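Number of protein chains: 2
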Amino acid sequence: MDKKFRIGIDLGGTNTVFGIVDTDGNIICEDSIKTQSYPYIADFIDASIECMKPLIAQVGGIDVIAGMGIGAPNGNFNTGRLVAPPNLPWKGSTPLAQLFADRLGLPVRLTNDANAAAMGEMKLGAARGMKDFVLITLGTGVGSGIVANGQMVVGHDGLAGELGHIRVLTPLPPRLCSCGRQGCLETYCSARGIVQTAVDLLASTSQQSLLRNIPGAELSTYEIYKAARQDDEIARRTFAVTGEILGSACADFTTFCSPEAFIFFGGPMKAHEFIMPSIVKSYKENVLNIYTDMPQFLISELMDKNVAVLGAASLI
Amino acid sequence: MDKKFRIGIDLGGTNTVFGIVDTDGNIICEDSIKTQSYPYIADFIDASIECMKPLIAQVGGIDVIAGMGIGAPNGNFNTGRLVAPPNLPWKGSTPLAQLFADRLGLPVRLTNDANAAAMGEMKLGAARGMKDFVLITLGTGVGSGIVANGQMVVGHDGLAGELGHIRVLTPLPPRLCSCGRQGCLETYCSARGIVQTAVDLLASTSQQSLLRNIPGAELSTYEIYKAARQDDEIARRTFAVTGEILGSACADFTTFCSPEAFIFFGGPMKAHEFIMPSIVKSYKENVLNIYTDMPQFLISELMDKNVAVLGAASLI
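Chains A and B, in that order, are what the protein sequence lines are.
Using the numbering used here, the first residue of the first sequence is number 1, and each one after it goes up by one.
Using the numbering used here, the first residue of the second sequence is number 1, and each one after it goes up by one.
Honestly, the hints are just simulated from the structure, not real lab data.
The model shown is predicted, which means the values in this text are computed figures rather than measured ones.
Any given hint might turn out to be false.
The calculated SDA-like cross-link candidates involving lysine to any residue, where the alpha carbons are at most 25 Å apart (straight line), are [what the hints assert, rightly or not]:
# : chain 1 : residue 1 : chain 2 : residue 2
1 : B       : Lys-4     : B       : Pro-107
2 : B       : Lys-123   : A       : Asn-149
3 : B       : Lys-131   : A       : Asn-74
Stretch-level coverage of chain B by chain A, calculated; a stretch enters the list once three of its residues show a Cβ under 8 Å from a Cβ in chain A [unchecked claim]:
# : region
4 : 106-118
5 : 175-187
6 : 194-207
7 : 253-260
8 : 278-289
Where a beta carbon is used, it is the ideal one built from N, C-alpha and C, also for glycine.
In isolation and in its complexed conformation, chain A is listed as follows (with noise of 0.2 Å):
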């Protein structure tokens, strides 16, 4: 029978989706559980068994699936194992793949989240066509898929591609990362990283802004940009800090794997019309001078999509 249909598992932080993708990469049809329900792994593989059974049945049954791919914070391309995972409740080293090959008979491939969001991208999103690109995710921390020479760069031990936690030169004092290093980059541009930067522009001046009427616990990158959206300055000038900062990293990341593209993705970009200009000027300025071409700053084409279920099947 024709094996034309592929099972992509976006395991995140707080939900689990699960989506059935055609060769087009089409998601057929998907569910989801929450992922913190389990905090036994045995039980989470049941969950979502049970999860996946009426779709497989909707496309089919199982002898029409190829596979199965799975993108997950720290999932480890090269074992199928998830490595200490800060944000799920399985602690230690999980071998995800082969538990869930175990129980449905397919091939299944594991990798990190970031990664299968830069494969849903190549294949289907901003990146087609392309061999060269880093894919950067903003978040609650800073992720990134690495492709070059039109391979995925996984590494020696199937870990590659944490640009989140390169330790960047700014203008702003290093911060604490939940890594326990300082400076990462995640600590300025993830979410949290965006809206500390907020925090300290406002307390560093007692000039007006609308986030001032916003109780801290509330601030988010969606409020700053509601408010950059009504021209308030110190909201501006948290994402231009921001996109500075991105711009001199990827100026840097260039010296790497010099790629053609950065392709930016989650969240936060939401408010690209304020940072993107930002990363562009700061990375002109931050090259090193032998790279003359400008490689591309783009946005995913995959953010209303589930790229990272499209990603994950792709793995298959």
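Got chain A; can you put chain B on it based on the hints?
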């Protein structure tokens, strides 16, 4: 006729070395010319052809040569052009591979000198059998060749792999780089950068040191190495600081490509007994905690051979 030889060219700021290499990676014969004697590229090509003629005759004529590879600073693999190399006489962009191909009637490939060294290391040296490694060359500058998934990372424009120009966080004040930017790895870990560190350490203390007997213009990494071997504290501290900065930079490079090994090449690595322990210690202290497998930290196995000639030849 069996084309069992390849020509490898190591085009350096001082000498240009031509070697003829057999299929086992032996350099059968070699000769060189002075690069700086030829301010015009046409004269350089003429002199190169003259220099190679007797070498080619020695192995049986042009018919047994499969092609030529060239390693040169700022050599662009994709275009075969030399792009504004700062230490070479020819400014602008020179179609070097094409110029040689036209004269010799052979396929000619060009890459940057560090990439050529990495190719040599992969085929014949410390990186045999590896698919993911980073070669770092310490010399007048700091260069690098990055191999991921068994392939050289050359990037979209052929100019990837310039890790000497990643800007690094260090405890030292940022130094101005010859590229015009500040804080590049090269400013600390090139031969000149290492000497600068010694000068700074000497100025920061009145501590006795053998290095104080050496006129500033004569201070070199070799002099510092000799002093370190005589237990000179400032000399040893100079290499320790160099290793700390290299190790911390390698820790961040791991977030890119998580290599199986970092391989160090070049004159200053003669002092590896003083630099290497400090690299390894600093790497461990600085690497992101998900990277629990230590990469290997190796010295080039081809330091005494002409690795760039071998690597360049292996481009064909």
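Quiz item: Which of the numbered hints are not met once you compare them with the structure shown?
Solution: Hints 4, 6 contradicted; others consistent.
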